[in-house]
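For reference, the chains in residue letters:
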Amino acid sequence: NAGVTQTPKFQVLKTGQSMTLQCAQDMNHEYMSWYRQDPGMGLRLIHYSVGAGITDQGEVPNGYNVSRSTTEDFPLRLLSAAPSQTSVYFCASRVGRNNQPQHFGDGTRLSIL
Amino acid sequence: GDSVTQMEGPVTLSEEAFLTINCTYTATGYPSLFWYVQYPGEGLQLLLKATKADDKGSNKGFEATYRKETTSFHLEKGSVQVSDSAVYFCALHSNYQLIWGAGTKLIIKP
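Same order as they appear, the protein sequences are chains A and B. All residue numbers for the first sequence refer to the numbering used here, where the first residue is 1 and numbers rise by one. All residue numbers for the second sequence refer to the numbering used here, where the first residue is 114 and numbers rise by one.
Simulated from the structure, these hints should not be mistaken for laboratory data. Take these hints with a grain of salt, some might be off.
Unchecked claim - The following label-pair restraints were derived from C-beta to C-beta distances:
1) Lys222/B to Thr15/A: 18 to 24 Å
2) Gly174/B to Ser18/A: 41 to 47 Å
3) Gly191/B to Arg109/A: 22 to 28 Å
4) Lys165/B to Val50/A: 21 to 27 Å
5) Leu79/A to Ser116/B: 28 to 34 Å
6) Ser67/A to Lys165/B: 22 to 28 Å
7) Lys222/B to Gly53/A: 49 to 55 Å
8) Tyr143/B to Gly63/A: 30 to 36 Å
9) Asn208/B to Ala2/A: 27 to 33 Å
Said to hold, decoys possible - Rough simulated footprint, nothing fancy, chain A against chain B, three-plus residues with beta-carbon under 8 Å:
10) 158-165
11) 212-220
The beta carbon of each residue, even a glycine, is placed where N, CA and C say it ideally should be.
Go ahead and model the full structure; you've got the sequences and the hints to work with.
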């Protein structure tokens with residue numbers, strides 16, 4: 001059972017570089033989301049998608065772009081990396097109903113120098 | 114807006130002690146409530162959930178009851194083990210989003 005797969009697991013970038021964090025799920029879930037996790041702040045929602053072709057902003061969207069061309073994939077793009085984006089990033093998915101739990105990937109640890 | 118407040122950690126207990134991690138929430142309507150657990154170096158996993166008032170979620174010896182009158186969803190376990198050491202997150206569903214507490218780190222000493 002693959003579940004939610006995130007790549008890469010670790011990445012170091014220089015300020016100003018761009019990159020894409022990949023997320024794929026094989027459970028045919030409609031809903032997918034990206035969070036960042038910072039010490040003492042819990043998880044903060046960056047962007048989410050309720051289905052292919054539909055995306056929306058979460059709590060902290062600035063500096064990030066997403067797209068959802070297929071049900072399976074939900075990549076997160078950093079346009080011009082900044083040290084403030086150093087964090088652990090988690091992708092999650094669930095079926096559409098609100099009371100269903102989310103399934104998380106193992107995370108991507110990103111450092112911006 | 115909707116919010117979740119958890120007790121600050123870390124919480125340090127000896128093995129076999131009783132555990133309570135407090136969680137209170139503010140929300141309109143009747144949200145579903147969740148506890149997630151994050152073991153060191155891993156992603157988050159669902160621990161238990163409750164979808165309506167007075168529901169009790171339980172899993173792996175942990176329990177939490179959805180208390181609408183006190184807007185609480187406290188996590189309890191009667192006898193903790195070293196393997197329970199992790200970070201625990203309380204969360205509620207609001208519209209399409211999960212609203213998260215800040216997390217409580219639990220350290221169990223043998």
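Please flag the earlier hints that this structure goes against, numbers listed from lowest up. Hint check: 1, 3 and 6 fail, others pass.
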